[in-house]
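Here's the letter readout for the chains.
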Amino acid sequence: MEDKNQLDLNTELMVLNMGPSHPATHGTVRFFLKLDGEKIVHMETEIGYLHRGFEKHCENGTWTQAFPYTDRLNYCSAPQNNVAYALAVEKLLGVTDKIPARAVYIRTIMCELARMADHYTNLAAGTLELGALTAFIYFVEARELTWDIIESVCGARLTSNYIRVGGLASDLPEGFAGHVKSVFAKNRVFWSEFDKLLTHNRIFLDRMRDTGAISREDAISFAFTGPCLRAAGVEYDVRKASPYLAYREVDFDIPVGTTGDNFDRYLVRMEEINQSMRIVEQCLSLLPSGPININDASVRNPSKEDGHTYMESMIFHFKNTIEGIQVPKGESYVPTEGTNGELGFYLVSQGGGKPWKCRVRPPCFALTQAMGHMCTGSYLADIIPTFDMINLIGGECDR
Amino acid sequence: MFDYTYLPSPNLLPSLVEMMLKIIFICTMNMAVFAPVLGWVERKQSALMQDRIGANRAEIFGFTVFGLLHVATDALKLLFKEDFIPRGADRPLHYLAPFIAVVPALVAFAVIPFGGKYMLWGHEANLVIADLNVGMLYIFAVASLSTYGAVIGGWASNNSWSLLGGLRVGAQMLSYEVAMGLTLVGVFMVYGSLQLTTIGMAQENFFHWGIFLQPLGFILFITCALAENKRTPFDIPEAESELIAGYFTEYSGLKFAMFWMSEFLEMVTISAVLVALFFGGWQIPFISHQGLIDAMGHLFGPNFGAIVAMLIHVVVFWVKVISWIVILMLIRWSLPRFRFDQVMRLGWKIVLPLALANIVVTGFILLAVR
Numbered sequence: 001m002e003d004k005n006q007l008d009l010n011t012e013l014m015v016l017n018m019g020p021s022h023p024a025t026h027g028t029v030r031f032f033l034k035l036d037g038e039k040i041v042h043m044e045t046e047i048g049y050l051h052r053g054f055e056k057h058c059e060n061g062t063w064t065q066a067f068p069y070t071d072r073l074n075y076c077s078a079p080q081n082n083v084a085y086a087l088a089v090e091k092l093l094g095v096t097d098k099i100p101a102r103a104v105y106i107r108t109i110m111c112e113l114a115r116m117a118d119h120y121t122n123l124a125a126g127t128l129e130l131g132a133l134t135a136f137i138y139f140v141e142a143r144e145l146t147w148d149i150i151e152s153v154c155g156a157r158l159t160s161n162y163i164r165v166g167g168l169a170s171d172l173p174e175g176f177a178g179h180v181k182s183v184f185a186k187n188r189v190f191w192s193e194f195d196k197l198l199t200h201n202r203i204f205l206d207r208m209r210d211t212g213a214i215s216r217e218d219a220i221s222f223a224f225t226g227p228c229l230r231a232a233g234v235e236y237d238v239r240k241a242s243p244y245l246a247y248r249e250v251d252f253d254i255p256v257g258t259t260g261d262n263f264d265r266y267l268v269r270m271e272e273i274n275q276s277m278r279i280v281e282q283c284l285s286l287l288p289s290g291p292i293n294i295n296d297a298s299v300r301n302p303s304k305e306d307g308h309t310y311m312e313s314m315i316f317h318f319k320n321t322i323e324g325i326q327v328p329k330g331e332s333y334v335p336t337e338g339t340n341g342e343l344g345f346y347l348v349s350q351g352g353g354k355p356w357k358c359r360v361r362p363p364c365f366a367l368t369q370a371m372g373h374m375c376t377g378s379y380l381a382d383i384i385p386t387f388d389m390i391n392l393i394g395g396e397c398d399r
Numbered sequence: 001m002f003d004y005t006y007l008p009s010p011n012l013l014p015s016l017v018e019m020m021l022k023i024i025f026i027c028t029m030n031m032a033v034f035a036p037v038l039g040w041v042e043r044k045q046s047a048l049m050q051d052r053i054g055a056n057r058a059e060i061f062g063f064t065v066f067g068l069l070h071v072a073t074d075a076l077k078l079l080f081k082e083d084f085i086p087r088g089a090d091r092p093l094h095y096l097a098p099f100i101a102v103v104p105a106l107v108a109f110a111v112i113p114f115g116g117k118y119m120l121w122g123h124e125a126n127l128v129i130a131d132l133n134v135g136m137l138y139i140f141a142v143a144s145l146s147t148y149g150a151v152i153g154g155w156a157s158n159n160s161w162s163l164l165g166g167l168r169v170g171a172q173m174l175s176y177e178v179a180m181g182l183t184l185v186g187v188f189m190v191y192g193s194l195q196l197t198t199i200g201m202a203q204e205n206f207f208h209w210g211i212f213l214q215p216l217g218f219i220l221f222i223t224c225a226l227a228e229n230k231r232t233p234f235d236i237p238e239a240e241s242e243l244i245a246g247y248f249t250e251y252s253g254l255k256f257a258m259f260w261m262s263e264f265l266e267m268v269t270i271s272a273v274l275v276a277l278f279f280g281g282w283q284i285p286f287i288s289h290q291g292l293i294d295a296m297g298h299l300f301g302p303n304f305g306a307i308v309a310m311l312i313h314v315v316v317f318w319v320k321v322i323s324w325i326v327i328l329m330l331i332r333w334s335l336p337r338f339r340f341d342q343v344m345r346l347g348w349k350i351v352l353p354l355a356l357a358n359i360v361v362t363g364f365i366l367l368a369v370r
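Residue numbers (the numbering used here), protein chains in the order written: chain V, 1 to 399; chain W, 1 to 370.
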């Protein structure tokens, strides 16, 4: 019937350029739309507006100097990027098993805190763009409290730069467990308030249900990972599929959706926040005492005190700083579960103090390429929740 | 059809004075009090809801007055902003659109009574600017005029986003005006009048308030009113995440402020209509109109007593209006927004049939009662 009308009325398609500086295309991306009224007939996605040459930068610094750059990939969950990079370098060095248990647990805690912060941000921003301004502020406050914890550990809220090859920059502060406990209590209240405002809200359901849906098969063929893949019904989580850090020791569930639409993505993220809290609480109870750095001066600098006292330690300080830690020839890739999906660094070393090649596998790159697939045929307004639940982070996607 | 009694009668001067005073009062309330202060209320109320502090930085000699000065700074800022007209825009229409938007919102208030009738020194004061017997029809007519402002603004801006916003306004207003008219037919049937003063007097008895006699009509009307007001959850014509700012994307400075003001004024008008139709207008529950005048007459003498009663009624009316504004803002800050097709579906497939059903049911009940 619609086709008949079109023939009669001789309508034209409207070409619309959405972005890169459109309120909804945060992270700077451009959608090239052809609209029939409000319906999307054709959609092209253009990325690259935030390209800063991250990978090339890494090749020009030492292995350690890449950490601050990794912070700026997915800046909502910086510790996870640090961890993913550190794990890849440690695999090249062959020291994966020698990392002290305390460092491993602290890394796990930081990863999960980052996941919480990222989900809070994503869900808050998503609801903001659907017009629910109060729910937005509730989760932003929860995120700020989570960032307070991260700040207490490493002094930075956003760009943590906390993980090092072979260990950590610093140990946990005093009273950390108590701080986490009090923040989690508050965040659970925010969570339930947010849940009450939205999960059963008819308008919200109408906007999220059956929009941006992708089938299980399509999700796999588009190389989806993370919450978006799990929302489509695939129970795949790197933390379970190939456990790294301390994920083998802790107990947690993977929420899985059925329809692959925006509402399932929302529900999966909401539940993952709870699971992350569970993981952090378990890690805190299991947290062993001991050193936080590998006992190998050629990988991780000896302490400043030693450096000022012993000649060998001082030499290592010089060598590690000026030449960089010496990584043997080879290549490595360690998959980790980033907030949006599989995050991994593919590193190639030709020997020496600098990476020969550093390639990051950003989860949202794969998700963004399916935007056209998910939005074509739906309404212009459906781009908003779909793009929000994809959670494109420009820093990560464009690198 | 028209009732010309509101025009100057033989005692010309008192009538003219009364008329001028009423117009000045309503204009002052709307333009000088509500339009700017609502901006402040919205900021502070949303801040309260969201555990924030809200705007509190603008100061004169160290006095911030609870952030009220932000209103003045906003006005100043908008006054000095560049009045930008995009290339290729239709200049005359681009100029005209904000005026078309703001004037109807203001003049719609003319038929809304903000008090009853009072005898002052032998002159009857009727607290409504124009006591038209077509009352609500006039409001509908004027309200539909304001649609043109948005549609023309969207079209004249030469911007795809504005155009989409303008189209959405057109479609949304058209759909909801039909439904809005029908939701109120029940009210007119119950009170037997379109004249808002008559409806106001008919609500003297607390249990004869519109909300009790027309509960479904009230719910449907508030839905339509929200949609007419173009605020969340019906703010799709200006949905900032989709259409940037919709039909006023290309407006700046005072012309932008006029669109902004028209939205607030519409909110005041809608609240006033809600109060006049469903919440007893100026009436105080369980105290009759004449009862209060008589009681005050005993205390202060007939003329001053009438003035005191009048002031009480006016205050009661505005308190009710302000309560409704607060409720409308609560809705605005709590709910997400619909999608365009969902708004249309709600209007045509739910509100309209329910409004028709309401008319039929009201008719049967009226037949049964009489």
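Note that these hints are calculated values from the structure, not bench results. All figures in this text were calculated on a predicted structure; none of them were measured in a lab. By construction, the Cβ of each residue, glycine as well, lies at the ideal position given by its N, Cα and C atoms. Check the hints yourself; a few may be wrong.
With a straight-line Cα cutoff of 25 Å, these simulated SDA-like cross-link-like pairs (lysine to any residue) come out [stated by the list, open to error]:
1. W:LYS44 x V:LYS34
2. V:LYS34 x W:SER160
3. V:LYS39 x W:LEU174
Partial list, derived from the structure: chain W residues whose beta carbon lies under 7 Å from chain V [unchecked claim]:
4. MET49
5. GLN50
6. GLY54
7. LYS117
8. TRP333
9. LEU335
10. PRO336
11. ARG339
Hint-by-hint comparison with the structure:
1. W:LYS44 x V:LYS34: violated, 41 Å
2. V:LYS34 x W:SER160: Measuring from Cα to Cα gives roughly 12 Å; hence the hint holds.
3. V:LYS39 x W:LEU174: The given pair, whose Cα atoms are some 20 Å apart, holds under the 25 Å limit.
4. MET49: Nearest chain V Cβ about 5 Å off; hint holds.
5. GLN50: holds, 4 Å
6. GLY54: Hint violated; GLY54 of chain W Cβ to chain V Cβ min 12 Å, cut 7 Å.
7. LYS117: violated, 43 Å
8. TRP333: holds, 5 Å
9. LEU335: holds, 6 Å
10. PRO336: holds, 4 Å
11. ARG339: holds, 4 Å
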